[in-house]
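Participant: Next come the chains, spelled out residue by residue.
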Amino acid sequence: MKVLVTVKEVAEADDDFAIEGTDIAESDLEYDLNEWDDYAVEAAVQLAEAGIADEVVTVTVGPERAEETIRMALAKGADRAVRVWDDALAGGFADVASKVDLFEAVVEEEEPDLILGGVQAADTGFGATGVALAERIGFEHAAVVNHLDVDADAGVAHVHRELEGGVEELTDVDLPAVLTVQTGLNEPRYASLRGIRQAQRKEIAPKDLSDLGLSAEEVESALTITEMYEPESESDAEIIEGDAGESAGRLAEVLRDKGVGA
Amino acid sequence: MMSVLVAAEHRRGALRDVTYEAITAGRELADARGADLHVAVIGGDVDGFAEELDREGVDAIHAVDDGEEFDHNAYQAAVSTLADRLDAGAVVLPNSVNGLDYAPALAEDLGAPVVTDAVGIDYDDGLTVTREMYGSKVETTVDVAGDRFVITVRGGEWAPAEGVGDATVETAEVDIPESGARVTGFEEVGGGDVDIADADVLVSVGRGIEEEENLELVEELADALGATLSASRPIVDNGWLPKNRQVGQSGKVVTPDVYIAVGISGAVQHVAGMKGSDTIVAINTDPNAPIFDIADYGIVGDLFDVVPELIDEFA
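Chains as they are written, first to last, in the numbering used here: chain X, 1 to 262; chain E, 263 to 577.
No wet-lab data here; the hints were simulated from the structure. Hints are supplied without guarantee of correctness; some may be wrong.
What the hints assert, rightly or not - Facing chain E, from chain X, some residues (calculated, C-beta under 7 Å): (1) L47; (2) F126; (3) N186; (4) R189; (5) S235; (6) E238; (7) S247.
Idealized CB from N, CA, C, for every residue including glycine.
Input sequences plus hints: build the corresponding full structure.
Facilitator: Below you can see the structure in the form of structure tokens.
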């Protein structure tokens, strides 16, 4: 079977950052593979190693810069990659429906049996694309999966969904399906040197809107960020100043007052 | 008449607190739009739940008797059908694990935009939602085009709806298509020998510890203080400590006398599990880390410098 993994290159803000307009200044952002997607890539590669998946394809929506991140997924064992980008997508804030438009077009071309992706992206934190995609393309789905066992012959994925408060829900999901995975699902591997070398030769197919049969109007976002600001701190924490020895000494006094270590 | 629809959430026979918070958010939105507030409750003891859901500000409750527990297929079908029947301009759901398991599909089904994890909602000619981005480092306001929306609201941001209302209660008949996803059971995680929820003093360790070998340092601190060791999610994800040591939304909720967060930045999911602690102490290098917003005492510094000194103080 074929597994499609949605991966995102996410931006992380430095400890000190400036806000320019409605985003963080480009110079204060660093880019990396979304942590949740790393677990999805690992799950897909493990399915390939177990002989369950014949091919693992990653799909990313992102500019050329994102290829560095895509190469990381390829170095970990994905077979090839599709990168979707168009100038019409630059500068805007894509809503869930427009991302689903793009992924739907890729799914039509690739015809996967299983789609894996992270529960959420670390930067925007929407947590919605996978489940919306499943609805659009008529796949079954499960969100916040932290245990996965695929029975390809029976056409079922046995999953655990991590609920709040230390409870897991056990669910059987018929394939084809979209599963959004939680961190802790597995242990994502580091890319080996050999893997990194091999990744250089793997295909990253660029696609723009016209390649996917879409127009700019179709992927117009219903959401517009109108303001960005640092949240006001409601903190009344007493910050203990001084070097490590002094601050530890002062904290020890506070803790003893509270009866700690008595 | 245009209305606002809130869907209740319950698990193992009890309504979850986030339901009442979503009702408050839904009522605010209904007030701003001059609309009625409807609440849907699906599955389980719907009659008992309907009684409990009759809080101030709720105009009508719709009970859909289908199954015992959450099933995203049934929830989506029921809420989608009711949203059309009631001409709901907005559907408000908890931003919970189960909310995220059907809200995006529901939005797709209704052809409405979805905005998740809202911490604020304003309506004035159009919808504006306040959300966080970049790991809670910034807040954003987001304008949403259109006149019908699906919104999920973050737990703990709205006061739970209280009082007793005079809502009408109706049984709603909904066609629920067969589902290809079947819940087969539940499982408690962790187990193990220690219940961190019983501890008076917790030393909790997070990503800042960097390497598994360094855990020893924090264990030593816990020993010196007579405290129990707990952890934030990444430590458990890495397999460095068992799941029953995890504090947070998906782990344990703890309320010790003293909670010492070592190298924990304070993601919202973690804070949900420990904000009820009497005294919170944070040691972290990043002065902007959200943990300092809820701490009573903070040291902005490197845990590898501070913790050994603190161990010496109690040795």
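Participant: Please go over all the hints and tell whether each is borne out by the structure.
Facilitator: How the hints compare with the structure:
1. L47: L47 (chain X) check fails; min Cβ-Cβ to chain E is 19 Å, beyond 7 Å.
2. F126: Since chain E brings a Cβ to about 5 Å from F126 (chain X), closer than 7 Å, the hint holds.
3. N186: Not OK, violated: N186 (chain X) not within 7 Å of chain E, min 10 Å.
4. R189: 13 Å, violated
5. S235: Hint holds; S235 (chain X) Cβ to chain E Cβ min 4 Å, cut 7 Å.
6. E238: 5 Å, holds
7. S247: For S247 (chain X), the interface hint holds, since the closest Cβ of chain E sits about 5 Å away, which is under 7 Å.
In the structure shown, a violation is registered for the earlier hints numbered 1, 3, 4, in ascending order.
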